[in-house]
Structure formats: structure tokens, C-alpha cells
Amino acid sequence: MRNSPIIKVLIMALLLGSVLLQTGCAFKDIDKRLFVAAVGIDPSDKFDKGFKVTLKIALPFGAIKSSTKPGYAYISEEGASVGEAIRLLETHVDKVLELGHMKTIVIHEELLAGHLQEFMDYFVRRADIQQIAYVAAARPSAETILKVEPSTEAPASVALFNLFGDSAIESPFIVTTYLFQLRRDHLAKGINSVLPLIETNEKKDELIVNNSVVISREKEPVILSIVETKYYDSLLKGSTGFTYQVKNDQLKLLLDISESKMSYKISESKNQTPKTIEVHIKLKGIIGESNKKLSVSKLDEYNHMASKEVQKKAYHFFKRMQEENLDPFGFGLHYRSTRLHRRDVVKMWENAYPTIEFKVKADVKLQSTGTIE
Amino acid sequence: MGEVENEAPAYLNRLAKQLAPSADVVKKTLKSKERIVHLLYLKSVVDMMQLQEIIVKPFYELPKEQNFADYIGSLPYETNMPSGDEDVLIEITKGNVFVMLDKQINLLELKMIASNTVQEAKMEPTIHGPQLGLSDSLETNINVIRQRYHQPSLIIETLQLEEASNRSYALVYDKDIVRPKLLKVLKKRIQSIDAKLIQGSSDLQHHMNDVKYSLFPTTLLTERPDRVLHNMAAGKVIIIVDGSPHALIAPTVFFDFMASMEDNYYSFWVVKLIQFLRYGGLFTCIMLPALYVGITSYTPDVFRTELALTVAASRIGVPYPSFIEVFFMLIFIELLTEASMRLPTTISATATTVGGLILGTAAVEAALTSNILVIVVSLVAISTFVIPISEMNYAIRVCRFLLLIYTTVFGLAGLVLGMLGLIIYLVNKDSFGEPYLRLFWKNRQEELEADEQ
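Same order as they appear, the protein sequences are chains W and E. Sequential numbering of the first sequence, starting at 1, is according to this note's numbering. Sequential numbering of the second sequence, starting at 1001, is according to this note's numbering.
These are calculated hints, taken from the structure and not from any lab test. Fair warning: there could be bad hints in the mix.
What the hints assert, rightly or not - Some but not every residue of chain E turned toward chain W, in silico, with C-beta under 10 angstroms: (1) Lys-1057; (2) Thr-1079; (3) Pro-1082; (4) Ser-1297; (5) Asp-1301; (6) Leu-1309; (7) Ala-1312; (8) Gly-1317.
What the hints assert, rightly or not - A short, non-exhaustive set of chain E residues, derived as facing chain W with CB atoms under 8 angstroms: (9) Pro-1125; (10) Ile-1127; (11) Glu-1157; (12) Thr-1296; (13) Pro-1300; (14) Thr-1305; (15) Val-1311; (16) Ala-1313; (17) Arg-1315; (18) Pro-1321; (19) Ser-1322; (20) Phe-1323; (21) Ile-1324.
Cβ coordinates follow ideal geometry from the N, Cα and C atoms, glycine included.
Generate coordinates for the entire structure from the input sequences, incorporating the hints supplied.
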């Protein structure tokens, strides 16, 4: 019995098992990691052309039900590049920095001029960063925005995640841009990417997102106003909501739009240069607010009035983008992808775009006045 | 008949001598004026009332013109007389009465069976369907099957095990659908069993497994007559051992163990939902502990952010790494299951309450485990019981430990690897020539072709 193999195996198992219970036995568990919720990038003061990186770290907390405020830690470091700064930041904390849950990248407004390669490259290459992370511009600085803890923020939910996408707030004023989308649009010819602009109030307890920034590789970013942001979002992405104001001499209507569609056609002149863009906008919805008594029989009248208004505003928006030589809708990309390849197709578009003619037609179909007569 | 011989014949004496000195051996000689009969039986296994009614009474009451030997020969209780003393003795121990009348010898089966009542189906309860299972007696069990399956092609082959207990067992099958090769393989396997004592179908099942270190059962043990019929009608062979209230079904594939008889009783979508739950339960109980370790310790990115934060928070203060925590809790829950199974039903409820509720809460309070893990482990424990057949249930419980070890060492990739290994093992396995992981699915073309054949 003494040399029985079973006894030997048992003793081995016992010894190995007791090793596991020793103090030296450790494992990189979830409680040894720090979850970075958001990254902020600002221009550096110390380094020329360097960056200041701020990390917003979500802290785990014991009883979610009893804690009222979410817990965050903030660490910042400056470095010649983003990667370098994050590498240094790893030495500032006692746990592993886990970027797998990093879902928002906030960039200082000033950094958006010119090519983004310098600081965005790190996020595209690092394997554990998800390409569905949101990218946003920040004013006055990324650090300030990250440090805002809105009073509506609940424990275990990050406000910066809830703002974008359609999972929480759904508003045509908020543009959502993903990391993969930004990279794709930024590098492609014939389209300019649009980033939401996050601002805060004086008390620093609110995050306000209703403007956006159009960025281009060659020039300074252009800020879109609230109305322009709304038109961009609802025309290109079909966002809907309670937000379309229509005015005429006596009547003031606020439309609640439930369906919005834009289609367009680029027509060419004889020598194949693009000449006009015919845009057709279709909106469907009901009247949400009015300053006068409304009648269902006059619905066609309201339709006509709303169509004219939408047509005018959309035309102005297209025209302004054209003057800035920006193309957030990607007309150029569409043109490139629907024409047979010629050597000068990009160049032809670039030459033609500043003088191209917009023909906007809007069709608003109101389904009811919003009340029962 | 002239002179009546008083002495018992030498053959009877020889048999009686071999059975002595058992207290229950009875050697009796019935004598009247013109005839004499010698009886040899064991009184503990023979029904006395029947003996009195069938042999003793007619012996004295039959008019002398009639031949008593013919009467004995015409009785329906007769069993075939085997050749050789040894076999005759075995028949006597089974409850046969050895009757010797002049030169004529007969064996009459007048067995008394203490427990031939059918028992309630306790292991595989269903709401609909038969509530009673099988019984301890082979005859009753065969009767139960015959009663539900009236086909002349139903064959019952009664054979005898070649070990200490010399038990009879029956192979039950429908000869029109069973594959002859399967029968041959089965018989050969049973005959080649080298065991000292087989007590019933449960250990017969164990011995029929030809691999020494096996995990998954290759035959299905059931107590439900509807499951027996369901499988027999599909061309399988049923093995019933005398003295055991369970029937063995062979061959079986993995999916037979996942089928409940209730699947035949409910409407289509209800059954689909139940099956979905059952397979969901299977994957939960096999993978969830490993998933917990893999995700918390290797790739927390898989969680949603909120969940990751909650899990991280619930692990604050837990002294041991996640895999030891999971091992600890799994062993705890296995102990609980085993304990409540062994205990009498009246006490087992208390054991579960004390173990599950009080210890579970206390373990979390004492920061020995995270409360998320308590949820995980209870979910695992509950979903284990969704698997209808208990042998498969045990096999799966072993599997999850293997997967846990793989995941502890290699992370989520290890979990995938472990699952792959498990599938390879199952694919490689067979049950009496049937591939173990054989799918019951056939595509339309195949079904059409099967019709034409």
C-alpha cells in the first residue's frame, strides 16, 4: 500500500492544493484593475506639440443602492505623445489600467485643426480599445469636461456614455460619432467628419451637447450652430424629435417629427462635371405646439408652410457648408462611388463643389394637428 | 400401478443433499393408496397457498381413474427442465417446485414474490403520463410492457446472468425494427461481463460500459414505462433484470438523456420552450462557473461597464483569487446536493435551508465570496436539475470542474478549448455502435430518400 500510485497522486494533489492557499498565490482579478471610463486629450503646456492626457477612472463601490454619488478618480500627465502619457500614467496608480471599457474620447477643440493622426493613432492601434468608442470635442478643455460630474449622474452609470448613441437620450441636437467612423471619414476623400461639442455650465454640474464641429484635414474646424446640428442629424442620420419650429406672420408651430428622410441626386453637365445636387427631403410628423387654434381641414396649408420653412433652412445650411468648402454629408464620397473611375474624378469634384448648385425640395406631411377636435 | 414405492428416488436425494443444510429446504412425499409424489422446494420462495391448491389438494381429490401425472403435465406453471443438476438447483432457488412422479419429473413455477407491486416513478416525475413505474419482479415488468404494446413482433428473451446471483434478465425488443447486429453485440457484451455479483440493472449498466475510465453513460436507466416503450418503438433494446425496478435502454445517444417524456405530451411551442430551457440549463451549468473565472480574471471587457464595476466592487475584500473562490463554492454546493440526497426527506429540507441560505449569506458577509458568485453558483445548482436523467446530470457536474481548470489556466480561450475537447470526446464516443453525438436532425432531401427506401 505504501507505494500505491493512488496515495502518491493524493499527496501530490494535497500539496498542490495547499500551495494555492498560500499568501504568494495571486491572480490578476477584476478587483486589481481600474476601469478607465473616458480619456481626455488637451494640448500640453510643457512640451512643444505634446499632449496632456486625462483619464477618468470609474471606481467600484460597495453597495450601489446606498451610494448616491458615483465615484471617480482623475489622473493627468503630459507627454510628447498620447501613448507616452498613458504609459507614464500607469506608474501613478496601484492597479492595472483597463481600457477595455473606455467608451468616450474627448478632444480639446483646438487640437481638431489639421490632421488627427498624431494623437488618434494610439486609439486605433491599441487592441483593447473598442472602435465603437464615442469621440467628442470639448470646450473649454477636455480636462474640465471630464471632471464635470452632472447632478443627474447615477452610480454605476457614466453620463458621458449615456449622452451618445440612442440608448438613453435621443435628441436630434446630439451628434454621435464613433471612433471607427471618425477614422474612416477623416481619411476618406469627399466627406468631412462631424464631432459633437461638449460644453459645461458655470457651476460645472451639467454637460451640454447641442453644437457640433465639422473637421477637415486641411483647415480649421467649423462650429455648427444648434439649428445646423439638428439639420445635419435629421437629414443624414434620420434623427427625429420635437424640434422643428415653423413661423409665419401670425402662426408659430413646433413640429414633432417622427420620420425624416433625405435623398439626393447629383446631375452632371455635358462634359461630365457635376453641376447640381437635387435634394429631396421628406418629413412626417404631427404638430406639437402652436400659438393659435388649429383646424384639421387646414392641414395642407400647414404642410405647405412647413415645407417652405424646411426648404429654406436646409438650403442655407448646404450653402454655408459649400462656402466653407466642407462636405459633412459626403456628397463627394457619393459622387466618387457612383461614377465610373476616371483619373481626375476627385479633382473634378473638388473643382466643381464650390460652385455647384443646390436644388432643395422639401415635403412635410403632417398627420394630425396633435389634438382631437 | 401396483406396489407403491415408499423410498424417495436417489436423484431427489442427491438434489436435496446439495441444498442442505438450509433450513428452508422441504423434501416431501405425498402418498395415497395408488400413487406417490415426491416434492422438493424451498419454502421461503414458494407460495404455500398455491402449492396447496395446485398440487396437494388435487392429489387427494382426483378420482383414481384419472392420471395424476397427466394433470401435472398439463399445468400452465411448468418451466422447462434444464439438463444438469446445477441448473435444476438454480431453478429451485428461483422458486420452482421440483415434482417427481414415478419417472416423470417436472418443475412448477409457484414463486412467491414479496414485492411485485409497481412503484411510483420518483426519479423522473412528470405531470402527465403514467405515474407508476416498474416493479421489482421481472414478470410484472414484462406484463407492464406487454400491456402497453400489443404486437406479435414484441420479443421477450429471458436469459440468465452468469455470476453469483444467477439472475434472470430479459431482452425486450420489437423484432421487426431492431437491428440484428445490435442484438448480437449486446448479448455478447452481457455474456462477457466478468463480475462477481450483479445486483440489478444499475450495476449491469456499469459493467456494460466497455471503457474503464468513462464519464458519460452509454445506456439509459429508467423507471418509466413510457420511456421504455418510446425507445423500444424506435428500435432500441430494453434490458430488464429481475429484482430491479429499473430498465436499461441501449444503445443511447447524448440527446436521449436530454429528452423528457413530457416532450410527447405537450403542444409544439410549449415543448420548444421547455427544450430551450433545458439546453439553456445544460450550457449554464456546464459553462457558467468557468465563464465567471474567465471574465473576471482575464477579460473583464466582455461585461457591460456597469456590471464590471459591480462585480469589481463585490469582490472587494475577497481574499482568494476568483478560481479558488469558485472551486470553494462549487464544492460547497456539491456537498449540499449530496447531503440532501442521502438524508431522509424530512431532514434534507433543513439541510438545504441551513446550507443554502444561512451559509451562503454568511459567506458573503464574511467576505469569503462575492455575492455575484453566490448568484452564479445558485444558478448553476438549479440549472443542473433541469437535465432529466440523473446519470447525465452527474457527468455534467464533473465536466464543469474540468472546464473550470482549463479556464483558470488559459482564460476564455481555455474555455473554448475545453468545450472543443469535450465535443471531440463525445463525437469519438459510441454506444453499441451508435455514434454518441448523433443528431436527430435530417434534412428534407434525406427524409424523402428514406421514404423511398
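Status of the hints after comparison with the structure:
1. Taking 10 angstroms as the C-beta cut-off, the interface hint given for E/Lys-1057 is violated, the closest approach to chain W being about 63 angstroms.
2. Interface restraint check: E/Thr-1079 against chain W, minimum CB-CB distance 47 angstroms, threshold 10 angstroms, status violated.
3. About 44 angstroms separates the beta-carbon of E/Pro-1082 from the nearest beta-carbon of chain W, more than 10 angstroms, and the hint is not met.
4. For E/Ser-1297, the suggested interface contact is upheld, since its CB lies about 5 angstroms from the closest CB of chain W, less than 10 angstroms.
5. Checking E/Asp-1301 against chain W by beta carbon gives a least distance of about 3 angstroms; that is within 10 angstroms, so the hint holds.
6. Because the closest C-beta pair between E/Leu-1309 and chain W is about 5 angstroms apart, less than 10 angstroms, the hint holds.
7. Using the Cβ-Cβ criterion of 10 angstroms, the hint placing E/Ala-1312 at the interface with chain W is satisfied: the shortest such distance is roughly 4 angstroms.
8. Evaluation of the E/Gly-1317 hint against chain W yields a held restraint, the C-beta minimum of about 8 angstroms falling below 10 angstroms.
9. With a cut of 8 angstroms, the hint placing E/Pro-1125 at the interface with chain W is violated, because the nearest CB-to-CB distance is about 38 angstroms.
10. With its C-beta approaching chain W no nearer than about 39 angstroms, E/Ile-1127 sits outside the 8 angstroms limit, and its interface hint is violated.
11. Because the closest C-beta pair between E/Glu-1157 and chain W is about 41 angstroms apart, greater than 8 angstroms, the hint is violated.
12. The restraint placing E/Thr-1296 at the interface with chain W holds, with a minimum CB-CB distance near 4 angstroms, inside the 8 angstroms limit.
13. Hint status for E/Pro-1300: holds, given a least beta-carbon distance of 5 angstroms to chain W, under 8 angstroms.
14. Taking 8 angstroms as the C-beta cut-off, the interface hint given for E/Thr-1305 holds, the closest approach to chain W being about 5 angstroms.
15. This hint holds: E/Val-1311 has a C-beta 6 angstroms from the nearest C-beta of chain W, less than the 8 angstroms allowed.
16. For E/Ala-1313, the suggested interface contact is upheld, since its CB lies about 4 angstroms from the closest CB of chain W, less than 8 angstroms.
17. Below 8 angstroms, beta-carbon pairs count as interface contacts, and E/Arg-1315 has one with chain W at about 4 angstroms; its hint therefore holds.
18. Using the Cβ-Cβ criterion of 8 angstroms, the hint placing E/Pro-1321 at the interface with chain W is satisfied: the shortest such distance is roughly 3 angstroms.
19. Interface restraint check for E/Ser-1322: the shortest CB-CB distance to chain W comes to about 5 angstroms, inside 8 angstroms, so the restraint holds.
20. Checking E/Phe-1323 against chain W: minimum C-beta separation of about 7 angstroms stays under 8 angstroms; hint holds.
21. Annotation: E/Ile-1324 was flagged as interfacial toward chain W, and the flag holds, the nearest CB pair being 6 angstroms apart, inside 8 angstroms.
Of the numbered hints stated above, those contradicted by the structure are hints 1, 2, 3, 9, 10 and 11, listed in ascending order.
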